[in-house]
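Q: Each protein sequence line maps, in turn, to chains E and H.
Here our numbering is used: the first residue of the first sequence is 1, the next is one more, and so on.
Here our numbering is used: the first residue of the second sequence is 1001, the next is one more, and so on.
Quick caveat, the hints were computed from the structure, so don't treat them as lab data.
By construction, the Cβ of each residue, glycine as well, lies at the ideal position given by its N, Cα and C atoms.
One or more hints might be untrue.
Just so you have them, the derived chain E footprint on chain H, three or more residues with Cβ under 8 Å [said to hold, decoys possible]:
no., region
1, 1028 to 1037
2, 1051 to 1060
3, 1075 to 1085
4, 1113 to 1126
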Amino acid sequence: MITNVFVSTRTVRVLCAALLVFGFFTTASRPAFAAATIIVVNNDGPGEGFNDPTPAAPVGGNTGTTIGAQRLIAFQRAAEIWGATLDSPVTIIVRAAFDPLAANVLGSAGPTAVFSDFPGLGPGFYPGAEFPATWYVSALADKLSGVDLAELEGAPAFPDISARFSSNFNFYLGLDNNHGALNDLVTVVLHELGHGLSFLTLVSATTGQNFLGQTDIYARHLVDDSSGLHWNEMTDAERLASTTHFSHLFWDGANVTAGVPQVLQLGNPEVRVLAPAGIAGLYQFGTAAFGPRIGNPNVFAFVVAAQDAADAAGPATTDGCSAFTNATAVAGKIALVERGTCGFAQKARNATNAGASAVIIYNNAANVNAAPPGMADDGINGAFVTIPAVSMTRADGLSILGQATVSATVGVDPTVRAGATPTDRARLYAPFPVAPGSSVSHYDTAAFKNLLMEPAINPDLTHRLKAPDDLTLELLRDVGWFADADLDGVADEADCSVHSNFAPTIVIDGENTGVANILFSNGCTTADLIAQIQGGASNHGQFVSDVSHLTNVLKDAGVLSNNDRSAIQTAAAHGN
Amino acid sequence: MKSTRLLAAAVCLALMSAWSLTASAQDNQRRNKKYVATRPITVDSQTGTLRLPTPQETEALVNSLIEMTNRSTENLQLTTLANGTKAVNIDGRFQSVMLARPGEDGMWEVRCVTTFEEATDFLGIVEDKTQQ
């Protein structure tokens, strides 16, 4: 494709002068395709994993005839989706296997190496590392340097990502995302490859220390709004505190921020204490797999501690396992119930029966340091719960209990997008205390639409990675996966020609000049410039004149020889 | 191009030399502890019903989680090349681990974790302090 832009003689001079400031590069070894190639290396032995010969019927567009073949096809589909989404001149190698992993373990994946302080090395204008003393995962470092940093001629290629998945688990192996009650392998692999492609920090979640004394490119975009500092600007102690700073950690990258309004819907779920002032504010909470969604309806009410009999159903008068004895006081209020003995749904059903408008279940002593749990249904009581139910830490529950009167809301803030800050910055998941998926390498669980890179694999996820469906690509763009359709190392947004002509020699109207085609640092080749002149010229005379000016400038700058200039000008004069 | 090859060779050698992993002190501490499951996360192969994992199953699961959530930097080798590039092989560490726990309704809840603490919290596995 040729950008149809008129290039005047004066513009040619200015353009050439600018080009020559930054240098140029021969196009002889340029690839002529975009996107990224991702190779899945089957690391399984005969008869197992990807090579499992167990016959299988085709499912959801997966035409493999064995379990092993279907696993490989589904895995490759995820790799293809990523490959079509990213641009890299370097093949990304994923070493993958299906093994009989421990029960409850579906799989794992991650980068195999990290690099820092690498220059641009590839044929083109690859920028190298954007920041010094900053770690980049292997695949991203390769993209930014333009070469495979771990390449060794004659030796086996070194993988960029390692992945293992469970051969014991019954994944949905179709390609159509029609997974029903099963877990979709393509989605799970998309998520795990996302981590391997740089959706992760290397900072220690237990000490706050940087990896080997250097920050990483992901951490550079993490901001704690209580201090306004990026993670790379913090002390270890500050980073450690930020790791569990619920609702205060957000992503400041421009691409994600631009994508938030397209993806995340207005209506951020929240539990907020309104009074007394001493404990007022947003509280961390867990959600329930039963009852109405938070905000359906919004509840504004006083909080009342539920009382029930200490009986066989539950030995404490605070556990809410029996019918509430203070139902009159609870009616119309937010019931506060202690976790333990009976199931969450049983407690919420009893709160419903007492006429509560919502229920908060706080952790019991056995879970004194645990995060607010996600509350599962017991398959019996959940169907009878008609009020919003949330969970809370024990510390927060006791804090509310310690007040004479507490008013609160359990609902959604219609002015804030789900999973974002009030200023439309995507939040990272940082609950206190540590909870599954809390190592800040995920988006906040409150995000809605649900996002691929939340810690939970939600059943409504699509196989799409970018806005308006998702924000995964946007985050990877922010860490350095810039769009580069012609793989010249110049980001599309700054590229003089997004789809450059990389022919080794300059051809004008079918006449091969034999002159080497040069790539300039703004992303245009000599052939691109001539094509732009051709596209913008109002007649043949103007085209010849502008080409003459261009080649004179290039000759004066030493890019072209006299013979080169003559050959190009002659071909231009011959053309129509 | 020659310099690129030399760089690549040096990086690859550095990566290969750091291939073998060594368990961290923290991992060893975890391995020396006893753990117990507090929620039914195992589907019994005989009955198809949910139950607590046996002590042996719990130990196997914990050992697997320790290995998969290894984020130690112990014995990692940092190599600096002539052009300033630094490289570290982290193969097998800093993995993101996808876990699943069954619900009463037969559905599996899936969660991605990166640390041992997150993993055990999700699966309801706690240190067995009665064994100390």
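Q: So, for every hint listed, does it hold in this structure?
A: Structure-based check of each hint:
Look at the region 1028 to 1037 of chain H against chain E: 0 of its residues bring a Cβ nearer than 8 Å to a Cβ of that chain, fewer than three, so the hint is violated. Taking a C-beta to C-beta cut-off of 8 Å, the region 1051 to 1060 of chain H contributes 3 residues in contact with chain E, enough for the three needed, and the coverage statement holds. Counting residues of the region 1075 to 1085 of chain H whose beta carbon lies closer than 8 Å to any beta carbon of chain E gives 5, which meets the minimum of three for the stated coverage. With 9 residues carrying a beta carbon less than 8 Å from a beta carbon of chain E, the region 1113 to 1126 of chain H meets the three-residue requirement, and the given coverage holds.
Of the numbered hints stated above, the single one contradicted by the structure is hint 1.
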